[in-house]
Amino acid sequence: MTRLPALLAAAAALAIAAPAVAQDFAITHATVALGDGSEPIADATLVVRGGKVAAVGRGVAVPQGVEQIDGTGKWVTPGLFSALTDLGLYDVDAVDQSRDISADKSIFSAALDIAPVVNPLAQNIKVSRAGGVTRASVFPRSGNAIFAGQGAVIDLGSDSEPVVKPRAFQYVELGEGGGGLAGGSRTAAHVTLRNALAEAQDLASRGGRNDDALLNRPDAAALIPVVEGRQPLYVHVERAADILAALKLRQDFPKLDLVLAGASEGWMVAKEISAAKVPVIANALNDLPAQFEQLAATQSNAGRMHDAGVKVAIGRFFDMNQPRYAPQQAGNLVALTKLPGASGLSWGEAFAAISSVPAEISGMPGMGVLKPGATGDVVIWDGDPLELSTAPMRVFVDGVEQPLESHQTKLRDRYLTPQEGALPKAYDW
Amino acid sequence: MARSKAAIGVALAGAFALAACGGESGGVNSASAKPAPAPSAASAKDEREDQPYPSTYKPYPGAPTALVGATVYDGKGGRIDKGIVLFSEGKVVAVGNAELAIPEGYARIDGTGKFVTPGVIDVHSHLGDYPSPAVASHEDGNEMTEPTTPQVWAEHSVWPQDPGFTRALANGGVTALQILPGSGNLMGGRSVTLKNVPSRTVQGMKFPGAPYSLKMACGENPKRVYGSQGRSPMTRMGNFAVNRKTWFEAKKYAAGDRKERDLAMETLAGVLDGDILVQNHCYRADEMALVLDMAKEMGYKVTAFHHAVESYKIADLLRQANVCSAVWADWYGFKMEAYDAIPENAALIQQAGACVIIHSDDENGIQRLNQEAAKAQAAGKRIGIDIPDAQVVGWFTLNAAKAMGIDKLTGSLETGKMADVVLWNGNPLSVYSRPEKVWIDGALMFDALDPQRRPVSDFELGQPGEGDVK
Numbered sequence: 014m015t016r017l018p019a020l021l022a023a024a025a026a027l028a029i030a031a032p033a034v035a036q037d038f039a040i041t042h043a044t045v046a047l048g049d050g051s052e053p054i055a056d057a058t059l060v061v062r063g064g065k066v067a068a069v070g071r072g073v074a075v076p077q078g079v080e081q082i083d084g085t086g087k088w089v090t091p092g093l094f095s096a097l098t099d100l101g102l103y104d105v106d107a108v109d110q111s112r113d114i115s116a117d118k119s120i121f122s123a124a125l126d127i128a129p130v131v132n133p134l135a136q137n138i139k140v141s142r143a144g145g146v147t148r149a150s151v152f153p154r155s156g157n158a159i160f161a162g163q164g165a166v167i168d169l170g171s172d173s174e175p176v177v178k179p180r181a182f183q184y185v186e187l188g189e190g191g192g193g194l195a196g197g198s199r200t201a202a203h204v205t206l207r208n209a210l211a212e213a214q215d216l217a218s219r220g221g222r223n224d225d226a227l228l229n230r231p232d233a234a235a236l237i238p239v240v241e242g243r244q245p246l247y248v249h250v251e252r253a254a255d256i257l258a259a260l261k262l263r264q265d266f267p268k269l270d271l272v273l274a275g276a277s278e279g280w281m282v283a284k285e286i287s288a289a290k291v292p293v294i295a296n297a298l299n300d301l302p303a304q305f306e307q308l309a310a311t312q313s314n315a316g317r318m319h320d321a322g323v324k325v326a327i328g329r330f331f332d333m334n335q336p337r338y339a340p341q342q343a344g345n346l347v348a349l350t351k352l353p354g355a356s357g358l359s360w361g362e363a364f365a366a367i368s369s370v371p372a373e374i375s376g377m378p379g380m381g382v383l384k385p386g387a388t389g390d391v392v393i394w395d396g397d398p399l400e401l402s403t404a405p406m407r408v409f410v411d412g413v414e415q416p417l418e419s420h421q422t423k424l425r426d427r428y429l430t431p432q433e434g435a436l437p438k439a440y441d442w
Numbered sequence: 029m030a031r032s033k034a035a036i037g038v039a040l041a042g043a044f045a046l047a048a049c050g051g052e053s054g055g056v057n058s059a060s061a062k063p064a065p066a067p068s069a070a071s072a073k074d075e076r077e078d079q080p081y082p083s084t085y086k087p088y089p090g091a092p093t094a095l096v097g098a099t100v101y102d103g104k105g106g107r108i109d110k111g112i113v114l115f116s117e118g119k120v121v122a123v124g125n126a127e128l129a130i131p132e133g134y135a136r137i138d139g140t141g142k143f144v145t146p147g148v149i150d151v152h153s154h155l156g157d158y159p160s161p162a163v164a165s166h167e168d169g170n171e172m173t174e175p176t177t178p179q180v181w182a183e184h185s186v187w188p189q190d191p192g193f194t195r196a197l198a199n200g201g202v203t204a205l206q207i208l209p210g211s212g213n214l215m216g217g218r219s220v221t222l223k224n225v226p227s228r229t230v231q232g233m234k235f236p237g238a239p240y241s242l243k244m245a246c247g248e249n250p251k252r253v254y255g256s257q258g259r260s261p262m263t264r265m266g267n268f269a270v271n272r273k274t275w276f277e278a279k280k281y282a283a284g285d286r287k288e289r290d291l292a293m294e295t296l297a298g299v300l301d302g303d304i305l306v307q308n309h310c311y312r313a314d315e316m317a318l319v320l321d322m323a324k325e326m327g328y329k330v331t332a333f334h335h336a337v338e339s340y341k342i343a344d345l346l347r348q349a350n351v352c353s354a355v356w357a358d359w360y361g362f363k364m365e366a367y368d369a370i371p372e373n374a375a376l377i378q379q380a381g382a383c384v385i386i387h388s389d390d391e392n393g394i395q396r397l398n399q400e401a402a403k404a405q406a407a408g409k410r411i412g413i414d415i416p417d418a419q420v421v422g423w424f425t426l427n428a429a430k431a432m433g434i435d436k437l438t439g440s441l442e443t444g445k446m447a448d449v450v451l452w453n454g455n456p457l458s459v460y461s462r463p464e465k466v467w468i469d470g471a472l473m474f475d476a477l478d479p480q481r482r483p484v485s486d487f488e489l490g491q492p493g494e495g496d497v498k
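Just so you know, the sequences run in chain order A and B.
Just so we're aligned, residue 14 is where the first sequence starts under the working numbering, counting upward by one.
Just so we're aligned, residue 29 is where the second sequence starts under the working numbering, counting upward by one.
These aren't lab readings, by the way, just hints derived from the structure by calculation.
Take these hints with a grain of salt, some might be off.
[Unchecked claim] To give a feel for the contact side, a few chain A residues facing chain B, derived at Cβ under 8 Å:
hint	residue
1	PRO302
2	ALA348
3	ALA404
4	PRO431
5	GLY434
Bear in mind that the values here come from a model prediction, so they are computed numbers and not experimental data.
We put the beta carbon where it would ideally sit given N, CA and C, even for glycine.
Given the sequences, and given the hints that come with them, work out the whole structure.
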């Protein structure tokens, strides 16, 4: 059983710690996956200095005075980047009071901004960090309008400043969900979206508003960077036809920086998505007609889109889909490469789909990847990170080693044997 | 994980509005003039044999087959390297090492580098009762009109066309599964155990000889469903009060002449007779302990606790009570009673000598029970509990069969048992492995190498994605 070093345990005990100083360290003789789509490199060295990757590869020398970690038999990767999560937005999903995921009764929609409310001490952040996740995008979900609001990019370091990039994107529901929110059909969702973008344009160009404006001012103002292409618009669609309709939004609003979320039927229109140069954040393993808009769902979706040249990230880690499941899902996509008729991803491509690709889509190049100058988010694993038997041994964010303790690990330690001793279990902590 | 427990919880209240019909447990005189059955196990068995919706399942044709050279996990803890598995006429003929003689006329399948296990079994599924697509018209798993509805039978809700069955077969190697009513009620109704074969009717899927189970639920769900309507049970103590009252009624009924048909009481009397098993949705350690005392008080046995995320806290009690824990690998935190879930749960239960089952309760999870078991095994290994692969395979084969009362028929590769067999293209506990072939009663029902051995449900015919690899 791994016990935390006393120093780390003490650090974890502090309620909210200030950002720690980055360590300089080198990991030698490890199998290193760069996260950029290439295949892992055996017997390689990684050097991290000042919170950044300084050097990586085979035959890299360890500079003097840098702590050396023997990576023999271990794997080293960039930290996982989880796109579209609900990390830090709840304690217990089914306990309303603890839940900041959606605002069903709010008069605001596009103006909603999760940046001020992410709780860096949430258990789901701690558990995900112990699973090797070092960065994530966090998004609100639609309450009573098609616009869900603005998501942010966070790090999962154990300090008081989780938000790396606030207002990183706007999220909108089209498809079945959007139709329901807009008044009962997809037609209403499209009118609502187009009107909202037009009102934002109007507000931006004239600084004023028509008398019959439908959006309140904060919502209209929040959409100005969207319509001007300064803030990406994530569009949740699943059906092939809905995807094509979303791509056509740029005929009327040419500056839109679109990202597709979901796209279960993306493989059917992969050429069009690729031609439009719109990236996709997809679920890896959707293969059921869970809704009519997902009739053609298949686990080969990501592989087929990738083959067509679409930039595909594995994401949408919310509800029961925990961010720490990312390696298992990526591993399943590798397994598909051995299945006749299926399309999967190579190991390197699959790992990139849960590290550098979601980072790039999230506007964070230099994350989820190990190359000189990249962020020093590093995970040391006890084996192949995509394999079910593997777990992170040490996790670094910005070069700072992180505690891996949580409510779960403390419960585990308390109940290694269920019998009570001389005193009840409550005295064992 | 599209249809999470949390999501179901949210859906419960809404679904209630649709479920306007009352219970069907009113006293109805038996049409047949059978002699009064005495409250003995033997007579209850007679009644069970008088099945109103009998299984019409017949094994599909299969060829005598020899799987040769694979690593064989027999489901009961055994491992044979370069093993041979023989099956013919729907039954396992022999399992052995390379010395085993292959009789004439057996089709030989080279399993070199591959693995063989018994068919995967899910003790907790709602396929068919909550099928895909997950639209309101398909919500047939919770009869939330009364806190106890032991009179309802899950088989009367199953939609055999649920595409989830085929995904469980092709990706999960699932050959048998128990469909349970949902957890909206304290007593949700009877389960049905199915062979995972496509069929026009649910009777055509029914597992011959499988006993019924009663689905019970403790904790948040029943109290939320009924408490929100201002009726009992509103609290956990209300849960117990309603349960105890109902059990006392059942004991009275069971002790009587049982002449008058009472569909609810017949199910409960079957439990008291020991003919109907009890599958109890229960997360928390303290509640499981109370349920065990209630079972003792009333004279019945809990076969398995499902979603037992806190079993690790009372693994000693569960071993003593001889109760299985059907668990997930690492779901946690989605509701208050799942807040203390830990990934080491299964390993800690196993270490205490109690029975472990990996279950899904999910149309996606059922496609990867082998992977979930591997994750739970790995979590144990990291705290020094080293459980061999061969034993872990039993978590999703024989142990599930035991809890469903079908372990004499399937769940392990033993001479005379049903030839429910999966050939995996690698170690089933590796993420990189997939079922290559799946036999049910010796019939090849899925073959990854043959697109025609991939069932397509009526619902998916002529739709986008028909016949795709999925």
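A quick look at each hint next to the structure:
no. : hint   : result
1   : PRO302 : holds (5 Å)
2   : ALA348 : holds (5 Å)
3   : ALA404 : holds (6 Å)
4   : PRO431 : holds (5 Å)
5   : GLY434 : violated (13 Å)
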